[in-house]
Amino acid sequence: MELHHLTLSQAAEKLRKKEVSSVELTQNSLKRIESLDPKVGAYLTVTADSALTQAKAIDAKIASGEKLPELSGLPFSLKDIFLTKGIKTTCASKILHNFIPPYTATSAQKLFDQGIVLTGKLNMDEFAMGSSTETSAFQQTKNPWDLSRTPGGSSGGSSAAVAAGLCYGALGTDTGGSIRQPAALTGIVGLKPTYGRVSRFGVIAFASSLDQVGPMTKDVRDCALVLNAIAGYDDRDSTSFKTAVPDYTQSLKKDCKGLKIGVPKEYFIPGTDPEIDAAVRKALETYKELGAEIHEVSLPHTEYAVPTYYILAPAEASSNLARYDGIRYGHRAEGAKDLLDLYVRSRSEGFGAEVKRRIMLGTYVLSAGYYDAYYLKAQKVRTLIRRDFEEAFKKVDVLVTPTSPSHAFKLGEKTDDPIQMYLSDIFTINVNLAGLPGMSLPCGMSAGKLPIGMQLIAGSFQEEKIFHAAYAYEQATQWHQMRAPL
Amino acid sequence: MTTFETVIGLEVHAQLKTKTKIFCSCSTEFGKPPNTNTCEVCLGLPGVLPVLNRKAVEFAIKAGLATHCSIQRKSVFARKNYFYPDLPKGYQISQYELPICLKGYLDIEFDGQKKRVGLTRIHMEEDAGKLNHDFGSSDVSHVDLNRACTPLIEIVSEPDMRGPKEASAYLRRLRDILVYLDICDGNMEEGSFRCDANVSIRPVGQEKFGTRCELKNMNSFRNVERAIEYEVKRQEALILDGGKVVQETRTWNADKGISESMRSKEEANDYRYFPDPDLLPLIVEDAWVEELRKQQPELPVEKSERFAKDYGIPPYDAEVLTADKAVAQHWEEAVKAAQGTEPKKVSNLYMTHLLKLQKDIPETFERITSSIVAEVLKMTEDGQISLGMAKEILDEVAASGKAVKLIVEEKGMVQVSDTGAIEKVVDQVLADNPKNLADFRGGKDKLFGFFVGQTMKALGGKANPKVVNDILMKKLKG
Amino acid sequence: MITRETVEKIAKLARLQLSESDLEKYTGQLNNILADVEKLKELNTDAIEATTHAVEVANPLREDEVKTNTVIDAVLEISPDHEAHFFRVPKVL
Ligand SMILES: [Zn+2]
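Those protein sequence lines, which keep their order, are chains A, B and C. All residue numbers in the first sequence are consecutive under the numbering used here, ending with 486. All residue numbers in the second sequence are consecutive under the numbering used here, ending with 478. All residue numbers in the third sequence are consecutive under the numbering used here, ending with 93.
Be aware that a few hints might be false.
From chain C, some residues computed to sit far from chain B (all C-beta separations above 10 Å) [unchecked claim]:
{"no.": "1", "residue": "I2"}
{"no.": "2", "residue": "E42"}
{"no.": "3", "residue": "I72"}
{"no.": "4", "residue": "A84"}
Straight-line C-alpha distance at most 25 Å; calculated SDA-like pairs for lysine to any residue [what the hints assert, rightly or not]:
{"no.": "5", "chain 1": "C", "residue 1": "K41", "chain 2": "A", "residue 2": "P418"}
{"no.": "6", "chain 1": "A", "residue 1": "K242", "chain 2": "B", "residue 2": "Y82"}
{"no.": "7", "chain 1": "C", "residue 1": "K39", "chain 2": "A", "residue 2": "T302"}
{"no.": "8", "chain 1": "C", "residue 1": "K39", "chain 2": "A", "residue 2": "K88"}
{"no.": "9", "chain 1": "A", "residue 1": "K88", "chain 2": "C", "residue 2": "A74"}
{"no.": "10", "chain 1": "C", "residue 1": "K91", "chain 2": "B", "residue 2": "E58"}
{"no.": "11", "chain 1": "B", "residue 1": "K405", "chain 2": "B", "residue 2": "K435"}
{"no.": "12", "chain 1": "C", "residue 1": "K25", "chain 2": "A", "residue 2": "E266"}
{"no.": "13", "chain 1": "A", "residue 1": "K380", "chain 2": "C", "residue 2": "T45"}
{"no.": "14", "chain 1": "C", "residue 1": "K91", "chain 2": "A", "residue 2": "S348"}
{"no.": "15", "chain 1": "B", "residue 1": "K130", "chain 2": "C", "residue 2": "D81"}
{"no.": "16", "chain 1": "A", "residue 1": "K394", "chain 2": "C", "residue 2": "K39"}
{"no.": "17", "chain 1": "A", "residue 1": "K380", "chain 2": "B", "residue 2": "E11"}
{"no.": "18", "chain 1": "C", "residue 1": "K9", "chain 2": "A", "residue 2": "L376"}
{"no.": "19", "chain 1": "C", "residue 1": "K12", "chain 2": "A", "residue 2": "S348"}
{"no.": "20", "chain 1": "B", "residue 1": "K80", "chain 2": "C", "residue 2": "R88"}
{"no.": "21", "chain 1": "B", "residue 1": "K391", "chain 2": "B", "residue 2": "V408"}
{"no.": "22", "chain 1": "B", "residue 1": "K17", "chain 2": "C", "residue 2": "E65"}
{"no.": "23", "chain 1": "A", "residue 1": "K380", "chain 2": "C", "residue 2": "A74"}
{"no.": "24", "chain 1": "B", "residue 1": "K32", "chain 2": "C", "residue 2": "E56"}
{"no.": "25", "chain 1": "B", "residue 1": "K216", "chain 2": "C", "residue 2": "V92"}
{"no.": "26", "chain 1": "A", "residue 1": "K380", "chain 2": "C", "residue 2": "N44"}
{"no.": "27", "chain 1": "B", "residue 1": "K130", "chain 2": "A", "residue 2": "H331"}
{"no.": "28", "chain 1": "B", "residue 1": "K114", "chain 2": "B", "residue 2": "K325"}
{"no.": "29", "chain 1": "B", "residue 1": "K19", "chain 2": "C", "residue 2": "V92"}
{"no.": "30", "chain 1": "C", "residue 1": "K39", "chain 2": "A", "residue 2": "A63"}
Honestly, the hints are just simulated from the structure, not real lab data. These figures come from a predicted structure and were not determined experimentally. Backbone N, C-alpha and C fix where the C-beta goes; we use that ideal spot for every residue, glycine too.
Could you build the full structure based on these sequences and the hints that come with them?
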């Protein structure tokens, strides 16, 4: 197999056997970025020099016989929402076009400590607000399976880079589906862990009570390896949890005997593309063959998730984005005549249309007189949504649903209709509202050669159950071996 | 003519004396070069998150316990959203709907009356940075974020006070308590203890409150009184003139002695409070509160009552001595060290001399330890030195830090109590002043002082006054 | 219904300036989004507690120990305007 088609674990194996060096892997990735990224548009920043320096250092350690962590020496990239000390971090926004962070995000640092080789920073929707990566202030990212289509969003740079074999794995963030939907649309594995499983410190905030960091990889084992590296309590994030971190690779089992799978009926609806619906139903048949029990369950408040999300997320965002004021860092408007002018023009020039729209919405729902009707109401509905899942997980181990109601759509298709765009997240948003772990993994291919993803959801801190179910399915099928035709 | 009643409620912001800021590990040390006590968190960089300081929570609980509040098991931090250059995140983290302390009170005394003032709540929040307008080009301001994120508690009173004197008595009492608890410097001038006043008036007998104005920028107890006095007069004049009080914020201009409306600088504020999603609810278990309750020091009121009762000193003395925790401790140690000396005498020395001395020489109580006070008092008791000498010695200790023995030697301070020596001098004085002697014996009692003075002068001021008095009395009567 | 005036007021509160056409567009879009949100009113939530966080445990606390930090130098370097170790802004009245 060609070098760039290897998974993280396969590449690690070759490195361990000295069949390849870290420098070779890195050079190969950089070359591939150079030749293909002009078409894909995944990278906002390529860190070629520092990557090669890192790779050389790893090779030297290998040569000296040092025992290194499994991810050492492997080319890896980060969504441009993770702060990286000394490396420009923009969140795909003009307001941070010149921002060089003076510190590194905890999750990124944990990967650096494992010895990953950072090859660059990946495009995304501006401030992670979007489902197609089209709100980026800088460039469009294309789906490696069909360059006229979206790679999903907001972590579309990450999904495209992994699917195109430009890097071996990437980190994304997921507030309403931003890891899982792009993973589904590009045929890779993406996990949003339980809220609090991975530190948010150093990750630019969109909606703090929903944001979570997660791996985007070519297969389930890679996903477990990366989660092993980044999970755990961080004393700089008060919302990260002290729950012990298991070795997730221990959950990768091939049979599903006794595993109870729930099928929430509210997720199998007429609006879903029939090919997607069929692919997920077929996956359920596979599970049956693997020995799993299938139960229908109900999550009755599912239909309220999107409106709940579109109150809570913009409200938090409107406050989180107040710090971009042109005073201490980032874009400042030229020639401001007074302080108010400085604020208004720096922000109006710096933020794009979708970001402004959400700031407006969030400011409105929090403003005097509306708090109870909107924000408080949404938080209460959030409780109902959470309870639905709690009830379901009394009966089953994992839930299986489609990840996205549609295949990768054409670039430009939904940009003028925010509500249509918001509906792309209809199956993923609930999971964020309930703070649960959810994974998307490939489960089919459309007639038009576009990947289909299914979503596995488990209870709080039950990622092991997801890994178990995902790995068993993956090993029984071939979907994870598909590679984009680039 | 209508008579009005004043209604005052106070909001006090007290800076907590923690080593680090409330949500990051930066030092809170005062007077550092601009922006040097900062980090990614208090600079409001992207991606940062707050982590709550345990000590700040403890201090807030201590303040709550000392003011008889109920400590809430669950309290929640919210975001108060507004734009200002000294507010790096564009919001202030502050407790809003669910504060840490609710419903307390403070007993105060003013003009000889006692009164209980209710506390609505105490909540925790972060301070903002500072803007400097004093240098560089005239069209710029400079932002220093050293103070940003410093822990504050806001103590909100009920509108229970009825005049400026009450308000300042409440403030002083509150300040003394916070200083006693060692959780706040209580320095109004430096801003570690800040007060805003809500002032309204209503016709006597009316139950409904009048429209209130919020007064800001009063940086001393005196200014709080002055500002409220002014505000009350302003509102009275306004109403009697047929006008209406407008609810607004007014800033006190101490130089002009007036308050000025800030309305022009205000916009319609809409703070859009909501629970801060970066922090989980603060849970304070009973066991923690009980542990802190055990650690609570004796507070000024209790200490003052105990001093009066146990040591038999006048209540007024006890109150003065206990206003400052360090002084109270110093005094009590001195009483214990000076065994055999009446506590009242010890208290007199503090009231008439040491407290004044401290005003001139701030190091007074560091140099004059309580054992030095005891030593000097014992010397006066034993008649070795006069009270005047004692004070002179203490002055010298405060000024130079020299040892008492050395000062006594250097100044040759030995009190003459030898009756033989004094008798000789008295005889001489009587012989030298025959006219005065005759007048005295003729009934001019006032001349007794003259003879005391002459005798003391002849003895170089070193005679034991009691012995001099006794001898003179005997000899004058002939 | 949100009026154009409300949208203008909200923009001011959020320190955003919207062009005439943006104002028009946002007024329409915000109304559409909020019309969807009306759906939540179908649910009776009187007795339901609000969820701020999916998992609610007690907030962790940090010890009161000073850590020195020098990021300010790098921040001043990238700041749009600074002088004498201060951030500089137009005169605040
Ligand atoms: Zn700090």
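- request: Given the hint that A:K380 pairs with C:N44, test it: the Cα-Cα distance must not exceed 25 Å.
  value: Roughly 10 Å separates the two Cα atoms, so the pair holds.
field: 25 Å limit on alpha-carbon distance, applied to hinted pair B:K19 and C:V92
entry: With Cα atoms ~31 Å apart, B:K19 and C:V92 exceed 25 Å; violated.
query: Since C:E42 was said not to touch the interface, does its Cβ keep a gap of more than 10 Å from each Cβ of chain B?
result: C:E42 clear of chain B: closest Cβ-Cβ about 23 Å, beyond 10 Å.
task: Mind checking the alpha carbons of B:K80 and C:R88 for me, to see if they're no more than 25 Å apart?
output: holds (24 Å)
- prompt: When you check the alpha-carbon spacing of A:K88 and C:A74, does it fall within 25 Å?
  reply: holds (13 Å)
query: Given the proposed pairing of C:K39 with A:A63, does the C-alpha separation stay at or below 25 Å?
result: Violated. C:K39 to A:A63 sits at ~63 Å, over the 25 Å cutoff.
message: Hint check: C:K12 vs A:S348, CA-CA at most 25 Å. Holds or violated?
response: It holds: about 11 Å lies between the C-alpha atoms, which stays within 25 Å.
query: Holds or violated: are the alpha carbons of C:K91 and B:E58 at most 25 Å from each other?
result: Not satisfied, since the Cα-Cα distance of roughly 39 Å exceeds 25 Å.
- prompt: Is it true that the CA of A:K380 sits at most 25 Å from the CA of B:E11?
  reply: Outside the cut-off at roughly 33 Å; violated.
- prompt: Straight-line Cα separation of B:K17 and C:E65 no greater than 25 Å?
  reply: Holds, at about 13 Å.
- request: Would you check the hint for C:K9 and A:L376, treating anything up to 25 Å between C-alpha atoms as holding?
  value: holds (22 Å)
- prompt: Straight-line Cα separation of C:K91 and A:S348 no greater than 25 Å?
  reply: holds (21 Å)
Hints 3, 4, 6, 8, 10, 11, 12, 16, 17, 23, 24, 29 and 30 from the earlier list are contradicted by this structure; the remaining hints agree with it.
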